[in-house]
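Q: Here is how the chains run, residue by residue.
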Amino acid sequence: MQAAPWVILFKSNFFLITMTTTKREITCISCPLGCSLEVSLADGQVVAVTGNECPRGVSYARQECVHPERMVTALIPIPGRTPPLSVRTERPIPKDKITDCLCAIADARPTLPIRIGDVIIPDVAGAGVAVIATRDLL
Amino acid sequence: MNAIIPIDVLVIGGGPAGLAAALAAKAAGADEILILERENELGGILRQCIHTGFGLHIFKEELTGPEYAARYITEVHAQGIPAQCDTMVIDITSERLVTCVSAAHGLQRFQAGAIVLAMGCRERPRGALGIPGARSSGIYSAGTAQRFVNLDGYLPGRRVVILGSGDIGLIMARRLTFAGIKVEAVVELMPYSSGLKRNIVQCLDDFDIPLLLSHTVTAIHGKGRLTGVTISKVDADLSPIPGSERYLPCDTLLLSVGLIPENELSRNAGVDLDATTGGPVVDNRLQTSVPGIFACGNVLHVHDLVDHVSIEAAEAGRQAALVAASRRQAAVESAVAVRAGDGVRGIVPQRINSETLATAPVKLMFRPSSVRRNAVLVVEADGVPVHRVKKRILTPGEMVELSIKPNFFAAAKPVRELCVRCENS
Chain X
1 MQAAPWVILF KSNFFLITMT TTKREITCIS CPLGCSLEVS LADGQVVAVT
51 GNECPRGVSY ARQECVHPER MVTALIPIPG RTPPLSVRTE RPIPKDKITD
101 CLCAIADARP TLPIRIGDVI IPDVAGAGVA VIATRDLL
Chain R
1 MNAIIPIDVL VIGGGPAGLA AALAAKAAGA DEILILEREN ELGGILRQCI
51 HTGFGLHIFK EELTGPEYAA RYITEVHAQG IPAQCDTMVI DITSERLVTC
101 VSAAHGLQRF QAGAIVLAMG CRERPRGALG IPGARSSGIY SAGTAQRFVN
151 LDGYLPGRRV VILGSGDIGL IMARRLTFAG IKVEAVVELM PYSSGLKRNI
201 VQCLDDFDIP LLLSHTVTAI HGKGRLTGVT ISKVDADLSP IPGSERYLPC
251 DTLLLSVGLI PENELSRNAG VDLDATTGGP VVDNRLQTSV PGIFACGNVL
301 HVHDLVDHVS IEAAEAGRQA ALVAASRRQA AVESAVAVRA GDGVRGIVPQ
351 RINSETLATA PVKLMFRPSS VRRNAVLVVE ADGVPVHRVK KRILTPGEMV
401 ELSIKPNFFA AAKPVRELCV RCENS
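Respectively, the protein sequence lines represent chains X and R. First residue of the first sequence: 1, per the numbering used here; consecutive thereafter. First residue of the second sequence: 1, per the numbering used here; consecutive thereafter.
Because the hints were derived from the structure by calculation, they are not lab data. Only a predicted model underlies this, so the values are computations on that prediction, with no experimental measurement involved. Careful, some of the hints might be misleading.
EDC-like mimics (lysine to aspartate or glutamate), calculated; alpha carbons at most 20 angstroms apart, straight line [as the list claims (entries may be wrong)]:
hint : chain 1 : residue 1 : chain 2 : residue 2
1    : X       : K23       : R       : D208
2    : X       : K97       : R       : D382
3    : X       : K97       : R       : D205
4    : R       : K197      : X       : E64
5    : R       : K391      : R       : E417
6    : R       : K197      : X       : E25
7    : R       : K197      : X       : D43
8    : R       : K197      : X       : E38
9    : X       : K95       : R       : D206
10   : X       : K23       : R       : D206
11   : R       : K390      : X       : D100
12   : R       : K182      : X       : D100
13   : R       : K60       : X       : E69
14   : X       : K23       : R       : D382
15   : X       : K95       : R       : D382
16   : R       : K60       : X       : E90
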């Protein structure tokens, strides 16, 4: 992330002067074009997006720069058993909670039998999202 | 020797293709269906693909591999379709006599009314690359490492370089990072990645793992265990540039450099193979050059999405059931040859029944041979352009589907050859 205290952006359809704008470069993942987006942020909000070839780039930038989320999948070793138990978050969680989520999963000691879809951790890393089993381990 | 067991539809392989084919064969009325699987449980490669991203097309949900497989396995059990695991097929004849071995049943022979080939693919190995250097331990294909971690519960090393930016390599970069392993870099020969943008962002960028495009591994170092690799930049002809060498210390090198359909059994059966796809030559019903033998999924051509495998396999299973039921072994029909022109590689199917082409839409699948922006796909019938489609982007990493419709053609004139090529707009 690059802070630019004095930024003057001039575009045919858009003119903005601000003292608190920061810029980020991200790759849009909405389609295989993979546009390189330059996102201008002020007070944590997206104020401008350039480099996008379609409107999906703008909504992707809004999501990704303001509250990025990721699905997390992981493994829990079960002593004496293979394969390990595979698990995932039921929904995407905030990206900055991935490490906490992985730590909570590493500390989990589920007891068998476990069925696909069983809740392993009801609320992981305070994200309000459950971690569920993605296979049977009977 | 045991008696020969008659089966209507015999499915070779219990991965996503085999499961969908068996279910579709059942739905189409086949009575005796059997799935043969060499692993100890059904599911194929999905068992080790514990990441999400499966099922968005078919189930409108983002599932992991094991969850996607479980939906089909549950249905296979519910339909009462038998599956024999831990069973290795060792021979298939052109008369559809299938020989297999297993600890539980010894040697078995099946006479099938129709066979669905659904053996999947395997990874290109180090030997196919010819990288000079030591024969150190610590060099694995990315999928092997994925199996070690996700199924066997071992970590392959502590400090990893990945050669090739295919999706399995990208997915493994994230998995290993999650497991506390340092991924030094992903090294890609081409100036673009064959992996999905989503995977580059979420598996590499998220963890600041460098993606070195137009680079390759030019030497492997380490007696006993791998100690490092030399990487070099490559020029436009993909040749290493002298003086650009850089040493990367690592104890593990993963190769994610392509997949090859696994067709040794098909070859034994006399099935014609396509040199580009590495899979059987098929017609629009997914029947190979041997009547009664069908192919689908990654044994036919390597797919990007399992959803597409399931859809294709269902068609193969349905067609196999029809052939098995009628006991008719389809005669060689009048067929239109399908050819890949400029900028297009690996078209499937390679033949289309003339009558079908004139009456119903037929789906063609292929890959562009390079990245192109604002390209036009041109369909030609006997050298005459009959259809054009604009594409904002084409990349070899994403299979293209093109529907060939009857109204492309003048009714009076029978078509002998279809060609799809790519041109810049």
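Q: Looking at the structure, which of the earlier hints fail to hold?
A: Hints 2, 5, 7, 11, 14, 15 not satisfied by this model.
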